[in-house]
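Chemist: Here is how the chains run, residue by residue.
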Amino acid sequence: MANIRDIKNRIESVKNTRQITNAMKMVAAAKLQKSQANIIKARPYADHIAQMLMTIKHKKNQADSRIFDDAAKAGKRALIVVTADRGLCGSFNSLIIKQAVEYLKQHPKSEVICIGKKGYDVLKKRPGLVIKEKYLGLFNEMNFAASAEIAQFIKNIFFQWEYDVIDVVYNHFKSIMQQIITVKALFPIPDLVESEGISVLDFIYEPSMDEVVAELSNKYINVEIWRIMLESSASEQGARMTAMDSATDNASELIESLTLNYNMVRQAAITKEIIEIASGAEALS
Amino acid sequence: MADPIIELRVILPHKSVFDGTCDHVIIPGIDGDFGVSAGHTPFMTVIRPGIMEIFTGEDVTKYALHDGFVSVENSKVTIVCETIEKADEIDRERAEAAKKRAEKRIREKLEDTDFRRAEIALKKALIRLEI
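Listed in order, the protein sequences are those of chains E and X.
Position 35 of the first sequence, counting from 1, maps to 35 under my numbering, and the rest follow consecutively.
Converting from the second sequence to my numbering requires adding 285 to each position, the first position being numbered 1.
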């Protein structure tokens with residue numbers, strides 16, 4: 001049977017761990033709220049751009065712009081993999097990486113752009129995989145300027161004909177308990193809105209339709225990357241919250257059973273001592 | 286014209302700056318400044334760096350715009366942009382300093398100077414000072 005002091009030490013250490021996991025849960029909850037608020041704020045902006053872009057797409061002869069051309073699905077592909085920079089968030093990172101690997105099996109010649117350290121750490125070990133670019137440590141200080149830099153890079157590689165298709169795999173935030181792994185097309189730009197959202201008005205474009213499309217798609221990619229990063233960050237914090245919540249529960253359970261054990265061992269020791277004293281006294285009399 | 290006022294929305298990725306009605310608005314379009322009143326024809330254009338003026342009754346509110354996109358649908362005007370500054374929130378000293386910095390960078394013509402960026406910085410500073 002374990003030593004009383006050992007058990008006591010263990011209870012202390014589990015209590016410390018519980019305190020840490022509980023604190024992490026609180027921090028995650030606060031960060032989650034911030035990301036969630038930002039997602040909601042970005043929505044009207046993104047929706048309007050999507051609407052205008054789709055309005056033009058439907059006016060135009062669809063195939064004459066490379067950014068809308070769904071037919072060119074055969075060309076060279078890039079996949080943007082969005083993971084977290086840190087662990088301790090359940091299966092958040094591993095599921096994304098699994099999905100990315102699945103994608104790479106389907107499209108073996110794809111190259112990868114990593115956002116987030118965890119995905120990069122795993123994917124860089126994959127033989128033969130080209131990692132075009134990596135962005136690490138962005139989720140600590142999330143701001144639009146940082147995401148705009150990534151967006152600029154993505155636009156550059158697309159418009160310089162390095163890739164024909166650019167997809168992104170990330171966690172879409174549904175709720176704290178639920179994150180949906182999503183593979184989404186960035187380029188060519190897919191149909192974004194239902195047909196009711198498309199304006200039937202006959203617009204005048206200045207200076208030209210093409211320039212308007214260029215500016216809109218530019219803004220669209222900026223806000224899309226921003227939104228994806230917010231979604232991923234919210235999902236990460238949500239996953240961490242649930243993971244840390246169950247860790248805290250487990251620690252509490254462990255403490256309970258250890259305390260029970262401790263009491264039993266202590267009681268056994270006392271009983272043993274009493275027996276010793278009693279039998280000693282008996283022997284004397 | 287049914288309604289002589291227009292609905293104006295100015296939205297940024299992280300907030301909405303203006304969401305209301307006004308009588309008239311002047312926007313710096315890429316091919317020149319243009320005014321929108323009620324009943325304007327459907328219209329889309331790109332914004333060039335400049336000054337936007339919103340007229341409501343007797344009041345005029347000025348904003349410095351640096352980039353963006355405008356659409357006019359019926360009497361709904363929507364501006365989406367990434368940066369905007371209200372006239373009375375602009376820090377003139379900072380703008381002056383930025384202007385000098387940009388001018389210096391353009392003048393010195395150092396090898397690693399990004400001219401396009403310096404020029405944009407200069408333009409931004411000039412608009413901030415002009416308003």
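Don't read these hints as lab results, they were simulated from the structure.
Some clues are possibly wrong.
Derived CB-CB ranges, DEER-like [as the list claims (entries may be wrong)]:
| no. | chain 1 | residue 1 | chain 2 | residue 2 | range |
| --- | --- | --- | --- | --- | --- |
| 1 | X | D399 | E | A37 | 44 to 54 angstroms |
| 2 | X | I290 | E | R43 | 19 to 29 angstroms |
| 3 | X | K394 | E | Q152 | 39 to 49 angstroms |
| 4 | X | D316 | E | P127 | 47 to 57 angstroms |
A short, non-exhaustive set of chain X residues, derived as facing chain E with CB atoms under 8 angstroms [what the hints assert, rightly or not]:
| no. | residue |
| --- | --- |
| 5 | I296 |
| 6 | P298 |
| 7 | K300 |
| 8 | G314 |
| 9 | I315 |
| 10 | V321 |
| 11 | S322 |
| 12 | A323 |
| 13 | T326 |
| 14 | M329 |
| 15 | V331 |
| 16 | H351 |
| 17 | F354 |
| 18 | E358 |
| 19 | S360 |
Treat the numbers as computed from the prediction; the structure is a model and nothing was measured.
Glycine residues also receive a C-beta, built at the ideal position from the N, C-alpha and C atoms.
Chemist: Checking against the hints above, which ones are violated?
Modeler: 1, 3, 10, 11, 12, 16 and 19
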